[in-house]
Amino acid sequence: MAVLVLPGSLLAQSTANDSTLLEMRDAFRRNNTTQLSTLLPRTRGHVLEPLAVYWEAKARLETASPTEIRAALARMPGTYWEDRLRNDWLLLLGKARDWQNFETELPQFRMNDDRQVRCYALMREVAAGRMAGDVAAPQVQANWLAQRDADDACASAAKMLLDGRHLKSQVVWQRARQAMDVNRPRVAAQALAMIDPELAPQVDGIASDPARYLDERITAIRTRTKELVTLAIIRTASNDPAAAALEMERTRWKAQLTQEERSWAWGVIGKRSAQKLQPEALSYFAKGEDRYMDDDHLAWKARAAMRAGAWGSVRDAVAAMSETQQREPTWVYWKARAVQALKLPDLTAATAEARTLFESIASSRDFYEQLALEELGRRIEAPPAPAPLTAEETAAARANPGLVRALAAIRLGLRSEGVREWNYTVGLHVPGGMGERELLAAADLACQNELWDRCINTSLRTPVAQDHAQRFPTPHRAQVTSRAAEIGLDPAYVYGLIRQESRFITDARSGVGASGLMQVMPATARWTANKIGLTTFRPNQINERDTNILIGTAYLKLALDDFEGSLPMAAAAYNAGPNRPRQWRNGPVLAGEIWAENIPFEETRDYVKRVLANTTNYAALIAGQPQSLRARLGVVGPRGGTAQPVNVELP
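Converting from the sequence shown to the numbering used here requires adding 21 to each position, the first position being numbered 1.
I should point out that these hints are in silico values taken from the structure, not numbers from a laboratory.
Treat each hint with caution, since some may be false.
In silico lysine-lysine, DSSO-like type, Cα no more than 30 Å apart, as pairs [claimed, not checked]:
no., residue 1, residue 2
1, K116, K189
2, K364, K275
3, K189, K364
4, K275, K297
5, K297, K308
6, K308, K275
7, K189, K297
8, K180, K116
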């Protein structure tokens, strides 16, 4: 990394007590409050003093008095760490129902991005008579349903509004259904306990053995029994959609479940079948009504339909989605494709409607935006660069206190803390975040310091201007291009993959152990090193830039060769291993974009689309010529009879 650009006085301060900051970091991880309090005075005047104050106060937050906490907040005014500590405190105050202190601190909470804090605030507004329950209910409902895990804040707010008859019991069952659908029975149990505490153990039983629960039910007359049966069918579908479909065909459930309950269950069955790429998926969806299905179910119905070439079902699924989901570029694009294919009400009108839809999203920004450009007869090229930064704009970024602290933290090896400070400064310190020119200047500062992840992510925030030199940087260019040429890889493809894998952080390490620029797993590194004759390879070398590029590109080329040059399949293999895309390619021959959209794993699906979009933008920058994403996607289908044998050794 280049030497970080810090003002001279701050650099001197930051180097004076760096060791103290690192000691405090270690003490914070051990929750050693005594050591934190002892070390804190030695950080006075350090550029990262606010972080030190946060660590010390956070460790004592549950035992400190309001006076002590406010004293800590006063030592770091206007900083991310002040707002972070206030966020942590607001959660404790809400849980303790200390509304006096909660109401004092809430107006000063600048980030205002915590759903639990919002729920506590809404609960307090209703309890204090300042907001009608019917007004608060939709907001609480939205926050509660969006919560991934069981919590106190939104669950408590929902319970209060449920008891006051402002929130309907159907919302509780919706929460339970969604939780069971994504294998979170604890969340479902917490929700249903609001209606009746005795329902929680029944949820546990359904989660562990749904077949037994269903076999023991002869009738489902009561509303809660119908809903529990629906939960059991949802649980069954998670593992065996065909078994769940057979269950749904039982006479008793056809007669006793409501159309809404049946449609939701068929939505889950169809989704699980579609994720297994089964041809039956679309017939399962057809047994329910779109208007009762969840957005996620409708997305999978659209995917199954495009895979089957059933464009009327694609159109209907998109039309039934929420307005928010319909506006996503993914579904704008597929709606336009459906309109094109159906040619209704006539060819001229359909062509005009599709063109309008494509025009609404067309750009070089991302996957579907690029495909929309090509549908309009245009290729992907780098947009004109924005006006150069002025000296004043550059100076303002270099003097921004939050950016300075972020740079200092990253310089010290506190990358996580530095990234959080940076993100807060560009996006949350002021309502709406930095303006466009400020963002370009902040991105430039990150680029100058070779903090490529912050450079890219900050530049991506600009609403209008697209600086592709910032968004698609090419560090280590000599190493990447020479290595790519040596083994016959497109350097744009290598760059597109690295940008998605690590954002060019050379020492990046994933939660599953992948390392370096190209995020290579240890076992894969050993196998590939042996395959290419790198007999001197040692595991600790994988974070070395040149070694990582050497091994990562070798594996990528082996995957590409095994998949007959298919860029989307090789990218899928790089992310999910080769066996899965070998299975996913079986079935009909599909356009690459349809195949990619039907990848069952959300992470891999997004990964493949982003790598291919990145690759196309990098090719436009490197070659200086318009490019085609569709040409890179090609078609995907079963392995041809004349293809080389599968490389069964490829890990």
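Hint by hint, here is what the structure shows:
no., hint, in the structure
1, K116 to K189, "holds, 24 Å"
2, K364 to K275, "violated, 37 Å"
3, K189 to K364, "violated, 42 Å"
4, K275 to K297, "holds, 25 Å"
5, K297 to K308, "holds, 18 Å"
6, K308 to K275, "holds, 11 Å"
7, K189 to K297, "violated, 35 Å"
8, K180 to K116, "holds, 14 Å"
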